[in-house]
Amino acid sequence: MHDWLAMGGYAQYVWPAYAVFFLVFAWDWLAPRFRRGRLLKELRGRLARERVRREKAAA
Amino acid sequence: MMSRSYLPHWMHLLGSPPVFYRFAGTLRPWLFWSALLLAAIGLYGGLVLAPADYQQGDAYRIIFIHVPCAWMSLFAYGCMAVAALVAMVWRVKLAEVIAMECAPVGAAFTLVTLITGSLWGKPMWGAWWTWDARLTSELVLLFLYLGVIGLDHAIEDRRRGARAASLLALVGVVNLPIVHYSVVWWNTLHQGSTVQLLGPSKIAPGMLWPLLTMALATHLYFFASVLNRTRVGLLAVEGGKEWARSIVAENAHA
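Residue numbers (the numbering used here), protein chains in the order written: chain A, -12 to 46; chain B, 66 to 319.
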């Protein structure tokens, strides 16, 4: 296990490369989720404002 | 309905944003989890089972992410360009969204290619970076992706922005053969292609299968990620439409 982690002396290059790979794609996968959350909040606000306007017009 | 179309009915249907939204939602988990499973198998093969290289020792193991990401950086650009062409010629809204959502995924692959290449170059060449043809054209590819994303965001009207950025994406296609053939056309520090589509590959089988497994995993991930992003993109463009409103209502407490 220790030998494997040492990567024949190249651990300082191999593991950061793999870390970058996973971090970038974790961001790539999660970023749309956050964007979706913001978007739904914005659309909910828009719907609520429209409802208020309709009710005012009806009153 | 009067329609003189060359496209089969299901393609028309799939081009409709609400249908595509649900279709993408169904396909996404299958693509994502099979990509993850294949990546686990490929990385186990590459990091544990594959032997060390007789020249490069264990440093070569960066190949299992570097090369698949480099292939994907070109493949993603090709997909973006096809969607951009459809967006410009037929003004299909779905194609506009897909073209724009390909860009960040392609940029991610390009960025990972550049960084992992740098981490591989340091111990092998003694330099993090060099201005040779392969590295420089790959950097230009990253700037093209960032240009497409930037142009898309710079124009207030979403659809106009997407079409302007699509034009830039199409112009940038000229860079694809430059990246691919750079190691042939110019004298470069970067090694030539290890894997040949036609003819024998210059790599041991024990190293080849993890590499190809990772290539398949990154392809599946690419499609999963584009579908993931396209769903949100469609909600954003169609925010005022009835189908989008019902999704907002469904997620009232999300």
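Please keep in mind that the hints were generated in silico from the structure rather than gathered at the bench.
Where is the CB? At the ideal position from N, CA and C, for every residue including glycine.
Just so you know, not all the hints are guaranteed correct.
Calculated from the model, a selection of chain B residues having no Cβ within reach of chain A, i.e. all distances over 12 Å [as the list claims (entries may be wrong)]: (1) 117; (2) 118; (3) 208; (4) 274.
Residues of chain A placed beyond 12 Å of chain B at every Cβ, according to the derived structure [what the hints assert, rightly or not]: (5) 23; (6) 25; (7) 34; (8) 42; (9) 44; (10) 45; (11) 46.
Per label pair, the in silico range of CB-to-CB distance [unchecked claim]: (12) A:35 <-> B:192: 52 to 60 Å; (13) B:74 <-> A:32: 32 to 40 Å; (14) A:34 <-> B:187: 50 to 58 Å; (15) B:192 <-> A:-2: 16 to 24 Å; (16) A:33 <-> B:188: 26 to 34 Å.
Hints, verified against the model:
Once the 12 Å rule is applied to beta carbons, residue 117 of chain B is inconsistent with being away from chain A; the minimum gap is 6 Å. The claim that residue 118 of chain B lies off the interface is violated: its Cβ sits roughly 10 Å from the closest Cβ of chain A, which falls inside the 12 Å cut-off. Against chain A, the non-interface label of residue 208 of chain B holds: every CB pair exceeds 12 Å, the least being about 17 Å. The claim that residue 274 of chain B is not at the interface with chain A holds, since no C-beta of that chain comes within 12 Å of its own (minimum 19 Å).
With 12 Å as the threshold on Cβ separation, the claim that residue 23 of chain A sits away from chain B is violated: the shortest Cβ distance comes to roughly 5 Å. At the 12 Å boundary, the C-beta of residue 25 of chain A falls inside the reach of chain B, the nearest C-beta of that chain being 10 Å off. The Cβ of residue 34 of chain A does not lie farther than 12 Å from every Cβ of chain B; its closest approach is about 6 Å, which violates its non-interface assignment. Against chain B, the non-interface label of residue 42 of chain A holds: every CB pair exceeds 12 Å, the least being about 17 Å.
The non-interface label for residue 44 of chain A is consistent with chain B: the shortest C-beta to C-beta separation is roughly 18 Å, beyond 12 Å. For residue 45 of chain A, the shortest C-beta to C-beta distance to chain B comes to about 19 Å, beyond the 12 Å cut-off, and the non-interface label holds. Even its closest Cβ contact with chain B, about 23 Å, leaves residue 46 of chain A beyond 12 Å, as expected for a residue assigned away from the interface. Range check, residue 35 of chain A to residue 192 of chain B: about 57 Å between beta-carbon atoms, so the 52 to 60 Å window is met.
Here the CB-CB span from residue 74 of chain B to residue 32 of chain A is close to 38 Å, well matched to the stated 32 to 40 Å. Taking the beta carbon of each, residue 34 of chain A and residue 187 of chain B are about 54 Å apart, inside 50 to 58 Å as hinted. The beta-carbon spacing between residue 192 of chain B and residue -2 of chain A, approximately 20 Å, falls within the hinted interval of 16 to 24 Å. Between residue 33 of chain A and residue 188 of chain B the CB atoms are about 54 Å apart, so this pair departs from the stated range of 26 to 34 Å.
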